[in-house]
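Novice: Protein sequences, first through last, are from chains A and B.
Last residue of the first sequence: 228 (our numbering), numbering continuous.
Last residue of the second sequence: 522 (our numbering), numbering continuous.
Since the hints were derived computationally from the structure, they do not count as laboratory data.
There could be a bad hint or two in this list.
Short, incomplete list of chain B residues facing chain A, as computed with Cβ under 8 Å [claimed, not checked]: (1) Val-285; (2) Ser-289; (3) His-290; (4) Arg-293; (5) Thr-294; (6) Thr-297; (7) Arg-300; (8) Ala-302; (9) Thr-354; (10) Asp-355; (11) Asp-383.
Where is the CB? At the ideal position from N, CA and C, for every residue including glycine.
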Amino acid sequence: MTLVMVVDDDQDLAEMLGIVLTGAGIDVDLVSRGDEVMDVFRNNPPDLVLLDVMLPGLDGVEVCRLIRAESMVPIVMLSAKGDTQDIVAGLEAGADDYMVKPFKHPTELIARIRTRLRRTNADQKGLLTIGDLVIDATAHEVKRGSKAISLTRLEFDLLVALAKEPGRVFTRDSLLSEVWGYRHSTDTRLVNVHVQRLRSKVEHDPESPKIVTTVRGVGYKAGVTEES
Amino acid sequence: MRLQLSPLSQSLAAKVILSTVLLSLGVVWLTGSALYSQLSDGIKEVSLETSLSDARSIFYNARYQFLLVDGQSSEIIKAGVDEIIATSISVGIIESSRELILIKIFSREEIESKVLKPDYSYSSNSLLSSAIPKELRDEISDSAVLVHQYAPLTYNDGDVIEALFVGQRVNIPGSGQYEMYLVFSLANQGATLDLVQNSLLLTGIVLLLLIGLITYLVVRQVVRPVRDAARVASLFTQGDFTQRLLVKSSDEIATLGSAFNEMAASIEGQIGRLENLSKVQQRFVSDVSHELRTPLTTLRMASDVIYAQRDEFDPVIARSAELLTAQIDRFEKLLQELLEVSRFDAEVAVLEPTDFELTALVRRCIADLGVNVEAADSQITFDAPHYPVHIRADFRRVERIMRNLISNALDHSDGKPIEIECVETANEVAVSVRDHGEGMEAASLTRVFDRFWRADPSRARTRGGTGLGLSIALEDARLHNGELDAWGALGDGANFVLTLPRIAGNQIVARPLPVNPHRRNV
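Turn these sequences into a full structure, and let the hints steer you where they fit.
Specialist: Now the structure itself:
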């Protein structure tokens with residue numbers, strides 16, 4: 001069974017999240033303090049972390065950074081402030097997605113969690129190439145030559161989405177719907193921040209990207225695959 | 001717009017210096033002229049006296065000589081005349097040259113008798129008798145006294161000099177009456193006068209320059225503190241409330257300076273208090289937001305769980321669950337809009353422009369509000385260019401404006417058609433939303449963007465608008481440097497026109513769509 005760790009200092013909300021998630025067939029581990037997260041995380045690694053930004057003990061953004069340092073588990077940030085800097089800080093610390101309280105519908109939260117969980121079992125099988133990288137979708141590995149590159153599941157999905165259709169130019173909206181499972185959100189920050197993070201890991205020179213190239217005014221596309 | 005001003009009207013120093021110099025010029029001119037005329041009068045008088053006494057002694061000497069040779073032989077007389085001529089034209093002290101003209105006056109008897117006596121007529125430098133002014137000759141023929149006149153002297157070679165003519169009749173024995181003229185050159189006197197004039201002019205110019213310089217120095221003393229004050233005041237206006245004037249002395253300027261500083265300190269204090277107040281309020285709003293959002297999230301989830309199972313409850317509880325969910329929706333929307341308004345009030349609303357296509361956004365807003373614009377019987381018609389309209393703006397805000405305008409139109413359309421139109425120019429884009437509902441009075445137009453304002457308080461809300469939508473839409477438009485205009489007439493519906501610069505932040509120079517839909521084709 002799937003296990004989701006819910007980190008929120010509001011007892012009632014945490015309990016309510018527990019009820020809703022359990023109702024959807026998901027196991028829940030409740031944590032109320034930021035500084036307790038890592039212990040619980042190591043003892044009982046979850047499949048996904050729902051992380052509030054404002055936490056006692058340790059700030060949510062900091063917690064996110066700590067988790068990311070040792071795991072590629074999907075992280076969805078919860079924020080009570082729709083302010084840009086909070087969200088961008090969370091995304092830059094390694095969060096895959098975020099949701100602003102109050103959620104439009106609890107079903108949206110569950111859908112988002114399922115998307116993140118399902119994506120981890122990528123439907124793509126076999127080998128893909130993008131630039132000088134080889135993606136083994138089955139083994140969930142990205143290699144440059146013999147050197148493996150460690151990506152989060154979301155970054156992996158993003159790279160696979162681009163690599164699957166090498167000629168296609170993806171708008172930010174289409175990436176949002178294909179990778180994040182958004183129907184029509186237009187938060188392009190989400191795409192921009194993750195493309196930047198992905199580039200910092202896979203590009204030789206992130207300043208002049210060759211793997212994930214920008215198509216000005218439209219979006220992104222896969223870089224030209226080198227003939228070898 | 002600032003008027004184009006001449007440099008003169010912009011600088012107090014230049015104005016004061018110019019007027020001082022002009023006034024001084026007048027004064028120097030007057031004194032200089034008076035001085036010059038006095039000096040030249042004096043010089044001329046002295047020179048005249050000298051020349052006249054010179055002339056007197058020459059004439060006296062001549063008469064005396066001629067008296068001595070009276071009755072002598074013509075050779076002796078001739079020698080006497082030559083000697084007189086020689087002594088007469090020897091130059092005196094103040095002239096550069098002196099001429100002598102001796103003209104014989106033929107007596108009537110002499111002409112009638114045709115017995116001519118010796119003629120000793122003489123003129124130095126072969127001057128002609130016509131060189132002598134006629135009035136002087138008339139005068140000399142009348143009286144035996146010494147006469148004089150200033151007149152130009154024309155030499156045979158054409159040279160003209162200023163000269164003093166002095167004449168008297170003399171009698172040369174054995175020959176008769178002569179007009180004897182001494183011509184004194186005034187060239188030296190002229191040179192003296194020129195020198196005086198030039199010195200006066202030079203003095204005047206130097207004086208004026210000095211006055212200008214002194215005025216500049218004095219004015220600078222006054223103007224510099226004023227300029228400093230102006231500079232500090234303008235920095236102050238730009239928001240640097242720490243600016244103060246340097247007060248060094250205790251004169252009037254310093255009083256102005258310390259008065260300004262006191263004012264500045266007072267304003268800085270007040271602003272500081274207000275800023276603090278505003279910060280406290282902002283923090284409060286932010287805290288309230290956080291504190292309200294978390295329980296609202298729980299509430300929301302709880303009501304959703306209940307709502308999802310309403311079919312299993314009895315009708316009263318099921319309906320209550322529906323109402324609960326609907327009201328939580330409304331509450332949530334109100335909270336969101338209140339927060340947005342407070343962000344505008346705190347001036348912390350930030351524009352996040354991206355490039356996007358406008359007509360697709362409008363279509364999506366229409367679709368999101370549950371209207372299928374493609375359907376033949378659609379209540380909404382959308383008229384837009386058949387090519388993409390790309391703009392650079394804050395997508396979220398433009399979407400919110402359009403959503404607000406369209407849902408507002410749906411609320412007030414009474415089911416009648418709504419026309420949405422999109423046009424573009426080189427610099428701006430405009431979208432109009434026109435409904436044909438009950439419309440509103442002209443008086444309402446000024447209030448339609450007010451918060452929580454309703455055209456008709458007795459009218460029930462159909463879509464549960466918060467009353468903040470249009471107000472936020474207007475703020476959103478203005479954040480782009482755009483405009484949102486409203487038109488309406490009772491019974492004729494309403495029209496809202498959003499005009500945005502193609503690139504957010506630029507100025508809009510035209511309104512591609514008039515707000516009054518009846519002026520469309522004018």
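Novice: Now look at each hint and say whether the structure bears it out.
Specialist: Results for each hint:
The interface hint given for Val-285 of chain B is violated, since its Cβ lies 11 Å from the closest Cβ of chain A, which is over the 8 Å cut-off. Against a cut-off of 8 Å between C-beta atoms, the interface hint on Ser-289 of chain B holds, since the closest Cβ of chain A lies about 7 Å away. Proximity of His-290 of chain B to chain A holds as hinted, the smallest CB-CB distance being about 4 Å (cut-off 8 Å). A least Cβ separation of about 4 Å between Arg-293 of chain B and chain A falls short of the 8 Å threshold, and the interface hint therefore holds.
The closest approach between the C-beta of Thr-294 of chain B and any C-beta of chain A is roughly 5 Å, which is under the 8 Å cut-off, so the hint is satisfied. With its C-beta approaching chain A no nearer than about 4 Å, Thr-297 of chain B sits inside the 8 Å limit, and its interface hint holds. Contact between Arg-300 of chain B and chain A, as hinted, is supported at the beta carbon level, the nearest pair being about 5 Å apart and thus within 8 Å. The restraint placing Ala-302 of chain B at the interface with chain A holds, with a minimum CB-CB distance near 6 Å, inside the 8 Å limit.
The interface hint given for Thr-354 of chain B holds, since its Cβ lies 6 Å from the closest Cβ of chain A, which is under the 8 Å cut-off. Hint status for Asp-355 of chain B relative to chain A: holds, with the closest Cβ pair at about 5 Å, below 8 Å. This hint is violated: Asp-383 of chain B has a C-beta 23 Å from the nearest C-beta of chain A, more than the 8 Å allowed.
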